[in-house]
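Just so you know, the sequences run in chain order A and B. Numbered per our numbering, the first sequence spans residues 1 to 112. Numbered per our numbering, the second sequence spans residues 1 to 115.
Hints in this document: simulated from the structure, not taken from any laboratory. Treat the hints loosely; a few may be bogus.
Sample of chain B residues facing chain A (criterion: CB under 10 Å; computed from the structure) [what the hints assert, rightly or not]:
hint	residue
1	4
2	6
3	45
4	48
5	50
6	62
7	65
8	103
Virtual Cβ for every residue (Gly too), placed ideally from N, Cα, C.
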Amino acid sequence: GENVEQHPSTLSVQEGDSAVIKCTYSDSASNYFPWYKQELGKGPQLIIDIRSNVGEKKDQRIAVTLNKTAKHFSLHITETQPEDSAVYFCAASRSNNNDMRFGAGTRLTVKP
Amino acid sequence: EPEVTQTPSHQVTQMGQEVILRCVPISNHLYFYWYRQILGQKVEFLVSFYNNEISEKSEIFDDQFSVERPDGSNFTLKIRSTKLEDSAMYFCASSAQGGGNQPQHFGDGTRLSIL
């Protein structure tokens with residue numbers, strides 16, 4: 001089955017700097033890659049997703065890139081703010097399979 | 001913005017007892033899911049549900065687990081005879097479309113503690 005690896009497990013940046021979180025996946029049939037943000041005491045919140053027919057997607061300060069050949073995808077947050085501090089999860093799934101596999105999470109801390 | 005709601009936020013149960021976790025998915029969504037997250041571990045898929053049937057389940061979802069949509073709004077997860085290792089956060093999610101490659105929206109979870 002699919003295996004998603006995520007790194008780093010923790011990331012600390014200064015406010016205004018960029019943050020990059022990387023994930024790899026094993027199943028070449030995976031074609032949907034969402035990113036979730038989880039704040040303390042809350043559930044995972046979908047912040048951006050990308051499908052395998054696209055190499056990059058951007059939404060304001062957040063962007064995701066996908067390299068299908070290498071089977072990895074990354075989350076980029078620019079101009080980080082303290083409210084970006086949270087745990088971020090990547091995930092992967094494929095058509096006709098509801099078993100979405102998650103990475104282990106990255107705890108991002110943005111220092112003011 | 002519509003959201004998935006889960007109750008209770010925290011459930012404490014004696015080992016061997018039955019527990020029911022409740023979820024109200026987003027109203028126009030048709031696909032429902034349960035996940036669990038043991039402390040310090042990955043979020044793990046348990047089951048997906050569509051059209052009053054389980055569409056997929058993981059190896060975790062054994063005979064002690066069941067799901068039900070008892071009415072038009074609720075979606076429940078029942079654990080028949082709880083074990084210590086069932087202690088975890090349980091998340092409900094829903095999506096407007098299915099197929100595995102659709103956005104899923106999560107509730108804030110129920111923390112289940114088995115004593």
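Each hint tested on the structure:
1. At a threshold of 10 Å, the smallest CB-CB gap from residue 4/B to chain A is about 7 Å, leaving the interface hint in force.
2. The beta carbon of residue 6/B is positioned within 10 Å of a beta carbon in chain A (closest approach about 8 Å), and the interface hint is therefore held.
3. At about 5 Å, the closest approach between the beta carbon of residue 45/B and any beta carbon in chain A falls short of 10 Å, and the interface hint on this residue holds.
4. A cut of 10 Å between beta carbons decides the hint on residue 48/B: the least distance to chain A is about 4 Å, and the hint holds.
5. A cut of 10 Å between beta carbons decides the hint on residue 50/B: the least distance to chain A is about 9 Å, and the hint holds.
6. Against a cut-off of 10 Å between C-beta atoms, the interface hint on residue 62/B is violated, since the closest Cβ of chain A lies about 15 Å away.
7. Hint status for residue 65/B: violated, given a least beta-carbon distance of 15 Å to chain A, over 10 Å.
8. A least Cβ separation of about 6 Å between residue 103/B and chain A falls short of the 10 Å threshold, and the interface hint therefore holds.
In the structure shown, a violation is registered for the earlier hints numbered 6 and 7, in ascending order.
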